[in-house]
Amino acid sequence: SQQGEEDPQALSIQEGENATMNCSYKTSINNLQWYRQNSGRGLVHLILIRSNEREKHSGRLRVTLDTSKKSSSLLITASRAADTASYFCASYSGAGSYQLTFGKGTKLSVIP
Amino acid sequence: DTEVTQTPKHLVMGMTNKKSLKCEQHMGHRAMYWYKQKAKKPPELMFVYSYEKLSINESVPSRFSPECPNSSLLNLHLHALQPEDSALYLCASTLRVAITEAFFGQGTRLTVV
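Line by line, the protein sequences give chains A and B.
Numbering follows my numbering, with no gaps: position 24 of the first sequence is 24.
Numbering follows my numbering, with no gaps: position 37 of the second sequence is 37.
Heads up, a few of these hints could be off.
[Claimed, not checked] The calculated DSSO-like cross-link candidates involving lysine-lysine, where the alpha carbons are at most 27 Å apart (straight line), are:
1) K41/B x K22/B
2) K104/A x K38/B
3) K38/B x K26/A
For the record, the hints were derived by calculation from the structure and aren't laboratory data.
Use the sequences and the hints to build the structure in full.
Shown next, in the form of structure tokens:
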């Protein structure tokens, strides 16, 4: 079963614009993670935000977490064509769970 | 070394064949995972090994058989697969289960004919 639901499912923007993707999850979490996947390849970990954190930055990435709403957002600023990929949120579903479960993903297209 | 290496990258097999997918990591991670990913879908968890012991089997058909020979290696043995098993198979590892970020291999693109 999927823990997260991303919104939107697809997003197309011009190079230089910001891209925002949202994720909602169902159960309690220790942390929430975001991954990127280029077409047909493995996933790359982008950023991890712990349940006691509200915001985290890494380069052009900004992640927020609202545990009261069970939601997170990923903001990519000043997007580049190389950011074109699918983005997934993921979390371990439930305390002590071994299952790293992924949301449905957002497919981001950055047009040069 | 922060890589998870999967072999082969591509595999075409008939429904009567037996083949194996291999995964290797040298990061000292003690949890390793197999995921299956269909086109335009998120990865779906198949198996979790923690300290070389099978922790989770997500109701995967017996035609998929995992094996963890040691803490660095993870295999997935395939036998009598169906065309619907065609997918990208991803291996991942984490330092420990349930806490840390996962490192993924590049996957094996499997086609069953």
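Consistency of the hints with the structure:
Proximity of K41/B to K22/B is assessed by CA-CA distance (about 23 Å); at most 27 Å being required, the pair is judged to hold. As the CA atoms of K104/A and K38/B are separated by approximately 12 Å, the hinted pair is consistent with the 27 Å bound. Of the supplied pair hints, the one linking K38/B and K26/A holds, its CA atoms being roughly 23 Å apart against a limit of 27 Å.
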